[in-house]
Amino acid sequence: MVALDVCHTKNKKYPTLLFLATIVDGNNQILVLAYGIALVEDRDTWCWFISNLKQCIHGLASPNVLIVSDRQKGLIDAVAEELPANEHIHCTFHLQMNLRRHFGAQVSKNFQRVIYATTKEKYEEALTILEEQYTNGKEAAEYIRAIDVGKYARYALKLPRYGRVTSNAVECMNGAFLKFQMYAVRRLIFELWTYMMRCFYERRTEAQGSVELLTAYAKERLDDFEAEYGRFVTCHSDVNTALVQCNGGAEQFLVNRQPRLSCSCFEPQEMQWPCIHVLSWCWTDTNS
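Going letter by letter, the sequence shown gives residues 3 to 290 in my numbering.
You may find that some hints are simply not true.
[Claimed, not checked] Cut-off 27 Å, straight-line C-alpha distance, at most; resulting in silico cross-link-like pairs (DSS-like, lysine-lysine):
(1) K153 to K124
(2) K56 to K153
(3) K140 to K124
(4) K75 to K12
(5) K160 to K75
[As the list claims (entries may be wrong)] What follows is a list of derived Cβ distance ranges for each label pair:
(6) T130 to G211: 51 to 57 Å
(7) Y164 to R103: 24 to 30 Å
(8) D79 to N249: 44 to 50 Å
(9) H104 to N242: 16 to 22 Å
(10) G61 to W195: 19 to 25 Å
(11) S239 to M198: 49 to 55 Å
(12) E208 to K15: 35 to 41 Å
(13) E127 to L256: 36 to 42 Å
(14) E253 to D79: 24 to 30 Å
(15) G61 to M199: 20 to 26 Å
(16) N242 to L19: 48 to 54 Å
(17) T286 to M184: 53 to 59 Å
(18) T286 to E83: 31 to 37 Å
Hints listed in this document are in silico derivations from the structure and should not be mistaken for laboratory results. The C-beta atom is built at its ideal place from N, Cα and C for all residues, glycine as well.
Whole structure, please, built from the sequences with the hints as guidance.
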């Protein structure tokens, strides 16, 4: 998944815009794929940025690569033109800010239930609660329903988004680059390049020094799962299906091995790795 966004530089004499494309690596760290500088944000400048990005990143223009961004019209048009095969979804942070501006903070906060719903039924249930709980809930629900559900809702996405619902990876890099943003263009480019080369070197050195098969982030999650293992009880129904219970049966999760690994918690489908419920089944089933 590639996040696209732009931020304003802080140089008042030479005001420019910093374009960024970022991903998150296997260690849950942000990696900048590309950055560019332009005077305005519109369809043409985004086409220029994405066109150059395609030349540098082989395989970017693929239906298997998810693009996430805000709903800036020039950006939406540029992605449609330069990456027509890619799935393009909306940053939910920007959607929430729009809801906050139009309908208030509480409606914006409860929009989280809508975003993370794992089925259409739970999605509709979350919208109904929002409608009934707030005086302007009906108008807010109509506003939400007018947005293509396949652009933001967890259950409706065609590709996994690895737990990322926003383009905030770009926002984080904006913060990291903040101390450079008052420089004029030439100095700014030099400082960005130096910063990124240092990051690449440090991560490469760290990776080469590791003897683990998993990244530090994945190993930490696996250790957390092992610590929680005792809370779960696995009830097998057949060779490819199991019902995993926790909290004395108060919570139940259906795990399927075929045709693809899945769980009713939705984590394997979204993160593309086993959840605690899948691992609980594996740890109690010698045939797994």
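**Study point:** In rising order, the numbers of the hints this structure does not comply with
**Key:** 9, 13, 14, 18
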